Amino acid sequence: MQAVLSFDQAPPFAAPFRFFLTAPLFPLLAGLLLLIEGPPALASRWTPAMLALTHLIAVGFMLQAMLGAMIQILPVVAGANLPRPLLVARALHLLLVTGALALAAGFLGLFASAFPLAAVLLGTGVGGFALIAAFSLRGIPATSASIRSFRLALVGLCGLLVLGIMLAGGLSGLWRVPLIDLTRVHVNWALAGWGLALLSAVAYVVVPMFQITPAYPARFTRAFGPALLIAVLLASLAPLAADDVAELLQMPVIVLAAIFCGTTLWLQARSKRARPDATQKFWRLAMLAGLAAALLWAVARIVPPLAAWDGWPLLFGILVLVGGFMSVIIGMLYKIIPFLIWLHLQNRGKGRVIAPNMKAVLAESRMLRHLRLHLGACALLLAAVVWPAGLAHLAGLALMVASGYLFTNLLAAARLYRQHAARVDAVLAEAVHAVAKEGA
Amino acid sequence: MSSIREFMTDDHRRCDDVFAEVEQAVTAGEWSTARDTFARFAAAVLQHFATEESVLFPAFEQRTGMTMGPTQVMRSEHVQMRELIAAAERALAAQDADDYAGNAETLLIMMQQHNMKEENILYPMCDQHLADDPELLPQIEAGIAAGGK
Numbered sequence: 001m002q003a004v005l006s007f008d009q010a011p012p013f014a015a016p017f018r019f020f021l022t023a024p025l026f027p028l029l030a031g032l033l034l035l036i037e038g039p040p041a042l043a044s045r046w047t048p049a050m051l052a053l054t055h056l057i058a059v060g061f062m063l064q065a066m067l068g069a070m071i072q073i074l075p076v077v078a079g080a081n082l083p084r085p086l087l088v089a090r091a092l093h094l095l096l097v098t099g100a101l102a103l104a105a106g107f108l109g110l111f112a113s114a115f116p117l118a119a120v121l122l123g124t125g126v127g128g129f130a131l132i133a134a135f136s137l138r139g140i141p142a143t144s145a146s147i148r149s150f151r152l153a154l155v156g157l158c159g160l161l162v163l164g165i166m167l168a169g170g171l172s173g174l175w176r177v178p179l180i181d182l183t184r185v186h187v188n189w190a191l192a193g194w195g196l197a198l199l200s201a202v203a204y205v206v207v208p209m210f211q212i213t214p215a216y217p218a219r220f221t222r223a224f225g226p227a228l229l230i231a232v233l234l235a236s237l238a239p240l241a242a243d244d245v246a247e248l249l250q251m252p253v254i255v256l257a258a259i260f261c262g263t264t265l266w267l268q269a270r271s272k273r274a275r276p277d278a279t280q281k282f283w284r285l286a287m288l289a290g291l292a293a294a295l296l297w298a299v300a301r302i303v304p305p306l307a308a309w310d311g312w313p314l315l316f317g318i319l320v321l322v323g324g325f326m327s328v329i330i331g332m333l334y335k336i337i338p339f340l341i342w343l344h345l346q347n348r349g350k351g352r353v354i355a356p357n358m359k360a361v362l363a364e365s366r367m368l369r370h371l372r373l374h375l376g377a378c379a380l381l382l383a384a385v386v387w388p389a390g391l392a393h394l395a396g397l398a399l400m401v402a403s404g405y406l407f408t409n410l411l412a413a414a415r416l417y418r419q420h421a422a423r424v425d426a427v428l429a430e431a432v433h434a435v436a437k438e439g440a
Numbered sequence: 001m002s003s004i005r006e007f008m009t010d011d012h013r014r015c016d017d018v019f020a021e022v023e024q025a026v027t028a029g030e031w032s033t034a035r036d037t038f039a040r041f042a043a044a045v046l047q048h049f050a051t052e053e054s055v056l057f058p059a060f061e062q063r064t065g066m067t068m069g070p071t072q073v074m075r076s077e078h079v080q081m082r083e084l085i086a087a088a089e090r091a092l093a094a095q096d097a098d099d100y101a102g103n104a105e106t107l108l109i110m111m112q113q114h115n116m117k118e119e120n121i122l123y124p125m126c127d128q129h130l131a132d133d134p135e136l137l138p139q140i141e142a143g144i145a146a147g148g149k
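From first to last, the protein sequence lines are chains A and B.
Residue numbering for the first sequence follows this note's numbering, starting at 1 and increasing by one per position.
Residue numbering for the second sequence follows this note's numbering, starting at 1 and increasing by one per position.
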């Protein structure tokens, strides 16, 4: 009840925005790493550079943007208010940024204590946030599928974190764990147990809302979250099983991901909006990349030479992380950020100063230019796996350009926010002044 | 018998559909159809607001004693949406497709997040607190119908 009474308490703009603004700097760093390291980075998924690159994107971009968005949407979607949102956001942001950098430094062997440091920073930040989020969701009735799915996603977040800490300790020699097997389990928890679970929770709300499509079928939203968690648990048993059984245990996660992507595309095809906007195009790209990844996984099961090639897990990872999660997150940022800027400026203007509308905050043409850059980066990264000698450096550069462009777009929006806010304050101060003068 | 949540949620979806029709007309460059359809959209939305503000919210406030709670937030969001509707109307009158698109997009997101709070939080609370008032839902239905969509 407490939460419901104050359900307008959207956090201050600075709470989520700090995450969104620094997130693109991490794929920028990942691109720089690939540009410097070149072809050897792409030799397999286990090279130090590739592991660093993967985590710069997964933790630095994906996790950072997702947690920032959660701070914003938990109060709005679920009526779950975080205590002291600005303080929580500042602390989590600091721990997450430094933790992601330490983690990349650990993989690159830059300094000896990097892994334990990353484990402490990310463990405190992400673990602390999971606790606070779970606490704020306590007692909130599950009136929508999204609220149930948020809870399941938090379980996934804790799972990936515990496994990640076990791996970090193993890598720094603090204890002995089966690194390869545990990594496979960690990836399942990170990408499906957390990533896809959260994405589905958000999708139930935003796909029908932004794109005016029918709702996800009730049967789907009821079953998908629990099914996904069971699938992740099954996949976690895979290292204990013989190879062919292990593949069977992995299959449900892949199938569920493909069903999610297919269902979302099917809904988007029924959008009543006149033409797809940048956000919808980023979503479609993401869902198609997800389907392509699932298909690749299936083909690798049928064609043994493909499964034996060190390149296929890289293709799979690029499709899921850059083509899938990055695309969908960028698409959402382009909707959430202009709206939040409008909303905060509108409130600040108190009806006397009109806020610039969403498309005046960030022009559609800039988003579409970024879409082309991002698509180019995805294509070059995939091609670089097949022909590293010729394309690895170029792919790194393309990822830098696309991420840098996203950063400049967000920076431009932030600058507009500051300028307009200053103008609003000046106009309102003048009005107060005029009233005071009249009174005198 | 349908609940307040079901009935009002259906009305939200009806408004969404008309909103999409306007967008189709603007994209096709059919300005006079767009203006007529937008007028229908605005009438439906404003009627929905009016019914909430004059029937549903007072009943909720009286029953729960919460006058500065969720209903107050909803009222202030109604004010913001009325401003956006007026801005979009001006853009249509000026046949400025870009200005319409920017205002309409902002209105859509504002409207959707508002609807979400009502559908997930406020309407379930209304159903819970006002279930024993058999007069209320017919009154709301009559109020919405007065908009004549």
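Worth double-checking, as some hints may not be accurate.
Coverage of chain A stretches by chain B, computed from C-beta distances (three or more under 8 Å per stretch; other residues unrestricted) [claimed, not checked]: (1) 84 to 97; (2) 279 to 288.
Computed spacing ranges between beta-carbons, pair by pair [unchecked claim]: (3) 240/A / 75/B: 54 to 64 Å; (4) 178/A / 129/B: 52 to 62 Å; (5) 28/B / 415/A: 32 to 42 Å; (6) 29/B / 439/A: 50 to 60 Å; (7) 415/A / 27/B: 25 to 35 Å.
These aren't lab readings, by the way, just hints derived from the structure by calculation.
None of the values given here were measured: they were computed from a predicted structure.
Where a beta carbon is used, it is the ideal one built from N, C-alpha and C, also for glycine.
Quick rundown of the hints versus the structure:
1. With a cut-off of 8 Å between beta carbons, the region 84 to 97 of chain A has 0 residues touching chain B; three or more are needed, and the interface restraint is violated.
2. Interface restraint, the region 279 to 288 of chain A with chain B: violated (0 residues with C-beta to C-beta distance below 8 Å; minimum three).
3. As the Cβ distance of residue 240/A to residue 75/B is approximately 58 Å, the hint placing it in 54 to 64 Å holds.
4. Taking the beta carbon of each, residue 178/A and residue 129/B are about 56 Å apart, inside 52 to 62 Å as hinted.
5. For residue 28/B and residue 415/A, the Cβ-Cβ distance of about 36 Å falls inside the hinted range of 32 to 42 Å, so the restraint holds.
6. Restraint check, residue 29/B to residue 439/A: a C-beta distance of roughly 52 Å satisfies the suggested window 50 to 60 Å.
7. Checking the proposed 25 to 35 Å range against residue 415/A and residue 27/B shows it holds: the Cβ atoms sit about 31 Å from each other.
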